[in-house]
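**Student:** Next come the chains, spelled out residue by residue.
2 protein chains.
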Amino acid sequence: MIKVDIAIIGTGTAGMGAYKAAIKHTDSIALIEESKYGTTCARVGCMPSKLLIAAADAIHHAQSLEPFGAKIDGKIIIDGVKVMHRIRSERDRFVGFVLETVKDFNPKHLYQSKAHFINKNTLQLSDGQKIQAKSIIIATGSRTFIPKEFDKLESLVITNDNIFDLDTLPKSVAVVGPGVIGLELGQALHRLNVKTTIFGRGGRVGFLTAPTLKSLTKKILSKELNLQHSSTIKNMKVVPSGVEIEYLDNSGNPQKETFEKVLVTTGRIPNTDKIQIENTGIQLDNKSRPIFDSHTMQCSNSNIFIAGDANNELTILHEASDEGRIAGTNAALYPNIRNKFRRSKLSIAFCNPQLAIIAESYDNLIKNKVNFVTGVVSFKGQGRSRVMLVNQGELHVFFDKTSHLFLGAEMIGPRAEHLAHLLAWSHQSKLTIDKMLQMPFYHPVIEEGLKTALNDARMKL
Amino acid sequence: MIKVDIAIIGTGTAGMGAYKAAIKHTDSIALIEESKYGTTCARVGCMPSKLLIAAADAIHHAQSLEPFGAKIDGKIIIDGVKVMHRIRSERDRFVGFVLETVKDFNPKHLYQSKAHFINKNTLQLSDGQKIQAKSIIIATGSRTFIPKEFDKLESLVITNDNIFDLDTLPKSVAVVGPGVIGLELGQALHRLNVKTTIFGRGGRVGFLTAPTLKSLTKKILSKELNLQHSSTIKNMKVVPSGVEIEYLDNSGNPQKETFEKVLVTTGRIPNTDKIQIENTGIQLDNKSRPIFDSHTMQCSNSNIFIAGDANNELTILHEASDEGRIAGTNAALYPNIRNKFRRSKLSIAFCNPQLAIIAESYDNLIKNKVNFVTGVVSFKGQGRSRVMLVNQGELHVFFDKTSHLFLGAEMIGPRAEHLAHLLAWSHQSKLTIDKMLQMPFYHPVIEEGLKTALNDARMKL
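As they're listed, the protein sequences go chains A and B.
Converting from the first sequence to my numbering requires adding 3 to each position, the first position being numbered 1.
Converting from the second sequence to my numbering requires adding 3 to each position, the first position being numbered 1.
Please keep in mind that the hints were generated in silico from the structure rather than gathered at the bench.
Each statement offered as a hint is correct.
As the list makes no split between identical chains, a pair holds if one copy fits it or if it spans any two.
As a list, the in silico SDA-like pairs of lysine to any residue whose alpha-carbon atoms are at most 20 angstroms apart:
1) Lys85 <-> Leu392
2) Lys123 <-> Arg292
3) Lys74 <-> His63
4) Lys123 <-> Ser31
5) Lys259 <-> Ser244
6) Lys6 <-> Tyr337
7) Lys85 <-> His64
8) Lys74 <-> His64
9) Lys454 <-> Ser432
10) Lys438 <-> Arg345
11) Lys74 <-> Val84
12) Lys343 <-> Leu440
13) Lys78 <-> Ser67
14) Lys454 <-> Arg345
15) Lys23 <-> Leu440
16) Lys78 <-> Leu68
17) Lys454 <-> Val101
18) Lys74 <-> His88
19) Lys383 <-> Phe100
20) Lys383 <-> Val101
Sequences and hints are given; from them, build the entire structure.
**Tutor:** Right, dumping it as structure tokens:
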């Protein structure tokens with residue numbers, strides 16, 4: 004039996020954050036990795052998808068010169084092998100940085116093995132060893148969820164876990180699931196001349212929650228993409244040229260299309276189902292996932308902490324990193340754990356136009372019966388957006404009717420990733436609408452659109 | 004003799020701002036315009052230059068597909084007539100909005116005439132009328148300064164005042180003066196296939212003040228542009244094909260080039276030299292320009308106020324607008340004037356990569372003997388910048404060694420306009436470095452470069 008102060012299961016973003024925090028308190032650590040080092044983010048998530056999008060957007064913009072007074076006499080040739088090669092070589096560079104970090108870890112802390120709980124203090128490793136730990140951190144991450152009906156398509160099914168390993172771009176792809184990953188990858192593939200149909204059910208597209216923004220998202224993206232957001236897949240079968248999909252389209256009409264690949268982006272599920280979590284005695288929810296405190300990362304007042312995608316809450320890199328650090332610190336301090344400061348929330352989808360939710364979503368405000376007003380700007384006539392021909396979308400900003408504090412925002416529109424930071428920082432700084440309107444807005448910038456939304460909210464207060 | 008409470012000379016951004024503020028206090032106003040309504044910004048400044056840049060950048064990006072794995076089989080055809088047509092038609096739309104605003108002004112307040120001071124309370128109009136006013140606001144704007152040696156080139160000289168009225172793009176342009184306007188227009192023309200040489204003296208390029216950023220600006224822009232920043236123009240003469248310029252280049256070697264047009268961007272001077280300002284008795288500086296208080300816009304405790312480009316201080320639209328409002332309010336309240344809140348300073352140049360100074364510049368901090376540290380990030384290896392192939396430039400952030408307050412920043416790099424807003428808002432919110440590092444940074448975003456600079460500064464504190 005190996006005895007340590009802290010055992011950490013998983014070495015992704017959360018696990019590495021936990022390790023770096025824990026090492027400040029103790030040298031008695033077991034850091035357990037069952038597979039390859041390197042993070043979801045760098046390997047198959049944020050970085051490679053942004054590389055695919057960068058290529059796609061460059062080509063899209065090159066195809067959009069006419070309104071500026073120029074045109075391409077000839078055509079754009081996309082070399083799928085080169086596109087994928089750049090993505091992989093840059094991706095490997097980012098993964099390399101992660102591996103460099105792991106190299107700095109003390110090798111005697113590292114265990115290359117699967118692990119599951121025997122009880123709340125003991126882990127069974129697949130190599131036969133047992134580890135007894137005062138505190139244990141679950142940082143096992145998440146994996147792509149593939150519904151059973153896709154099993155029969157075998158290798159014709161791809162996910163974000165292996166799409167970046169394709170040698171070249173497929174000729175055609177059915178994207179199943181119009182969430183963030185589906186939209187980002189689906190639109191990028193479309194812009195790279197891959198024939199793409201994006202399938203969804205019930206009309207849900209992206210993650211915005213305000214009703215007008217939900218329908219605006221559908222409207223804007225449908226102009227460019229074959230977005231079957233309210234479809235029903237009736238049958239899928241393997242044919243010589245790929246997968247034939249029979250479906251009812253948005254209007255309920257039967258359609259039949261064949262695709263070289265089927266990209267499943269129906270969601271990710273936390274890896275908490277293979278570690279015999281039930282042996283810990285901690286409280287689980289109705290999906291057998293640990294209940295935890297998002298300020299301490301602690302599960303049920305126990306010695307067990309959970310961080311990153313594994314807790315299925317804010318499955319976003321910077322949150323995973325923060326959660327890892329909090330879990331690492333509290334695992335070391337246990338049982339004298341501390342409530343840790345959490346940053347204002349921020350979610351961004353890098354489709355085009357981008358989507359963002361800052362702090363409280365519309366749905367959350369409604370659910371919590373908050374008394375708020377919404378300031379709105381359409382980017383259609385917004386000066387600089389129009390100059391750059393990116394004048395699509397809307398920003399909604401939410402303010403408390405009593406305190407006039409900024410509560411949150413939702414947006415589909417140009418440069419949302421930057422406006423989202425400005426708004427998230429404003430939220431964390433607890434700014435009121437008057438303080439925000441006193442801030443500098445240069446001219447001509449897209450931030451002036453935010454000013455219009457603020458003025459709209461001001462009038463309603 | 005017409006008697007009013009407030010006379011406003013000029014109806015640009017500052018004059019209109021002053022009018023809107025003054026009208027809340029009195030209906031006794033004379034708003035005097037000697038020429039056309041509409042602002043420098045909309046007519047010949049911010050908006051048309053951004054339109055030219057938008058076209059230029061679109062074409063530049065289309066020419067930069069190869070590293071992403073694509074290429075153009077054929078060529079990009081730039082239709083100069085169409086490019087200029089879009090700029091003018093959008094420009095006229097923006098000017099139209101300004102004219103709409105003027106339509107809302109009370110016509111009995113409007114005087115279409117030149118004006119000059121008889122004394123501190125009296126204006127002589129060129130149509131023979133005299134206006135006596137309790138308070139007078141100088142909002143006469145600025146004009147392009149053309150050094151005498153260009154006079155002989157006559158109509159071959161263009162400025163930002165008339166370049167947007169050209170029917171098509173010239174074949175070649177000598178740009179004289181590598182300040183903001185020269186860089187913005189010069190680079191845009193270059194990207195629109197206009198053969199362009201940018202002339203400067205003494206190596207000054209753009210407006211950054213930190214020594215390493217000054218040389219980095221030169222280095223980065225020289226990669227793309229024929230930037231003769233340390234040249235000496237020996238002779239200019241009109242030849243059949245345009246203007247022949249003999250000059251010593253950056254290395255002191257004699258060169259001779261011929262250009263279709265010479266774009267003079269050597270600076271703008273305030274229009275305070277034709278209003279007989281000396282008749283007011285207010286204090287003037289050594290260039291005969293009024294000395295004023297930048298929080299009240301008041302000149303020498305007098306009944307005279309000065310706002311916008313006319314005061315030659317922050318010749319930027321949003322500042323002109325603020326100054327106009329402050330001057331309008333204080334002119335109405337005179338002699339009981341108020342100190343008005345000014346926003347944190349912000350200057351942006353929309354060349355590529357963009358330049359920005361936020362709050363205090365490096366030079367100002369040195370001049371004021373502030374005890375500060377500088378946090379630095381290079382965008383060369385910055386994740387997202389590299390993904391999008393915009394990984395050039397540096398950001399320097401300045402923090403007070405004692406209070407750890409954010410003092411200011413200078414930057415050349417990607418998306419500087421957005422980082423500049425985040426930083427200016429942080430400055431106005433009086434954030435310390437620890438508060439800034441607690442803010443959310445998404446992944447992968449260019450804002451993470453700022454985080455690197457902050458961490459660098461943190462280590463030095």
